[in-house]
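Asks: The lines below spell out each chain.
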Amino acid sequence: MIPASFDYTRPGSVEAAVAALAADEEAKVIAGGQSLLPLLRLRFAYPTLLVDLGGISELRGVRDAGDALEIGALTTHYELTRDPLIAAHAGLLAQAAGTIADPAVRHRGTIGGALSHADPAGDLPAVITALDAVLVVTGPGGSREVSPGDFFADYLTTTLAPGEILTSVRVPKLGDGWGYHYEKFHPTAQAWAIVGVAALARRSNGHVAEARIGLTNMGSTPVRAGAVEAAAAGAEASATAMRAAAQHADQGTSPPSDLRAAADYRRHLARVLTGRALAKAAGV
Amino acid sequence: MKITLTIDGVRYDDDVEPRLLLVHYLREHAGRTGTPIGCDTSNCGACTVLLNGKSVKSCSVLAVQADGASVTTIQGLAASNGSGEDGWHPLQRAFHEEHGLQCGYCTPGMILAAVDLLNENPNPTEEQVRDGLEGNLCRCTGYQNIVRAVLKAAGSTTGAGVQA
Ligand SMILES: Cc1cc2nc3c(=O)[nH]c(=O)nc-3n(C[C@H](O)[C@H](O)[C@H](O)COP(=O)(O)OP(=O)(O)OC[C@H]3O[C@@H](n4cnc5c(N)ncnc54)[C@H](O)[C@@H]3O)c2cc1C
Ligand code: FES
Ligand code: FES
Chain G
717 MIPASFDYTR PGSVEAAVAA LAADEEAKVI AGGQSLLPLL RLRFAYPTLL VDLGGISELR
777 GVRDAGDALE IGALTTHYEL TRDPLIAAHA GLLAQAAGTI ADPAVRHRGT IGGALSHADP
837 AGDLPAVITA LDAVLVVTGP GGSREVSPGD FFADYLTTTL APGEILTSVR VPKLGDGWGY
897 HYEKFHPTAQ AWAIVGVAAL ARRSNGHVAE ARIGLTNMGS TPVRAGAVEA AAAGAEASAT
957 AMRAAAQHAD QGTSPPSDLR AAADYRRHLA RVLTGRALAK AAGV
Chain W
5 MKITLTIDGV RYDDDVEPRL LLVHYLREHA GRTGTPIGCD TSNCGACTVL LNGKSVKSCS
65 VLAVQADGAS VTTIQGLAAS NGSGEDGWHP LQRAFHEEHG LQCGYCTPGM ILAAVDLLNE
125 NPNPTEEQVR DGLEGNLCRC TGYQNIVRAV LKAAGSTTGA GVQA
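These protein sequences, in sequence, are chains G and W. The first sequence maps to residues 717 to 1000 in this note's numbering. The second sequence maps to residues 5 to 168 in this note's numbering.
Treat the hints as calculated values from the structure; they're not laboratory data. Incorrect hints may appear among the rest.
Some chain W residues judged to face chain G by a derived CB distance under 8 Å, without partners named [unchecked claim]: (1) D17; (2) E21; (3) T52; (4) K61; (5) V68.
Cβ atoms here follow ideal geometry from the backbone N, Cα and C, with glycine treated the same way.
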């Protein structure tokens, strides 16, 4: 299958990319192309111009920014699994990125593309939601910072304005005592999550002092399991207590029913997987 | 658009439409019909090649995105790293010896994915081989002999021996 015709440009700076987008209403950004090219081949999208971010070196790589890591939008899933700074300070991101698709897709797909694509079954949106990350966005009017809650708007929809580019993701470093785990349920190899759970827990004196939970595919956007977080805070760090807290995991969610799973089944999975993820994050 | 690519060690200068997929460029402009198209939906891995040494699905890369890069297809593998009397790459030889193919449609992609896998991890466990090849589907073999072939190639070479 061959995509419809389009023009192509590979600017060398964010400024030039934003200008190229501003000059053509039907233009679209391409990063790794692992979501966009399948859509173009199926002719689900007809951009007139592709603005390839691939030539913008400032969008690559991971930088130590004091109490946070600044992750360039073009950092690939493969690089996330290999980066020493991420391994040291945001291991959850590396672990989850390693579950995406397969090695060949991970070599091309980028964190910026995965977040901008905003697929409810995508793994990284729930992960950066649990990590309390900040998305840095640049457009014709300059730069702004957005929380994950304000970035993901709906199924495959973000609040990026026309002409805006996601340039980096700022992830606060996990301090001492934090554990993490991403639990993903998929029945076959190289598959999207039916449900995924990103869990973080800070242990202190045999108890969980604080927990943060992000859910994948339990609604049209990633959600925080607030009721679980509240129930886990102060609880004994034991598998039983974590399982009990996880019983609240589907509260306030609206999971889809589709060919792969019914909503009820997703609710069940959310409770079970949250129990497992939380227990691993709490080191029990 | 003008592009320059090095394919299996040979330089190509061309003028292509932006919408041309790398796999179509390889097959129709560069004679690399050893790179098949299996699914056209980015799922099967049959079209896997090495782009600057890393495995990619060439149906999911635009030729213009590969401008300036070097590509290794199955047709360049023996030439770039053949050895022994048959001149084959160690993975090609192992697939032959272990009967790692039946119809052979998945084989070029499977072998290139395996080259990448062994570059990353020269001594993988069986589970690591299965994980590393999860993006490559085979309708014939049931995978057993493919996994065996990759493990054999790993055992029969030093790390450097499987570089593409
Ligand atoms: C076989 C297969 C299996 C997969 N399995 C999974 C999986 O299990 N889990 C998972 O999470 N994902 C999965 N994916 C998707 C994968 O993670 C993609 O890499 C990712 O969704 C898109 O990243 P990209 O860089 O390739 O983006 P592209 O395809 O280039 O772009 C995707 C969209 O984001 C926009 N965009 C890209 N970058 C930016 C930016 N910096 N600023 C603004 N807009 C931007 C584009 O305009 C486009 O609309 C799979 C993909 C394939 C092909
Ligand atoms: S043809 Fe490229 S992945 Fe199937
Ligand atoms: S040998 Fe036939 S598809 Fe693998």
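Asks: Now, for every hint given, state plainly whether the structure supports it.
Replies: Here is how each hint holds up against the structure:
The restraint placing D17/W at the interface with chain G is violated, with a minimum CB-CB distance near 17 Å, outside the 8 Å limit. The closest approach between the C-beta of E21/W and any C-beta of chain G is roughly 7 Å, which is under the 8 Å cut-off, so the hint is satisfied. Hint status for T52/W relative to chain G: holds, with the closest Cβ pair at about 6 Å, below 8 Å. For the restraint placing K61/W at the interface with chain G, the shortest Cβ-Cβ distance is roughly 5 Å, inside the 8 Å limit, so the hint holds.
Because the closest C-beta pair between V68/W and chain G is about 5 Å apart, less than 8 Å, the hint holds.
Checked against the numbered hints above, the structure breaks only hint 1 and satisfies the rest.
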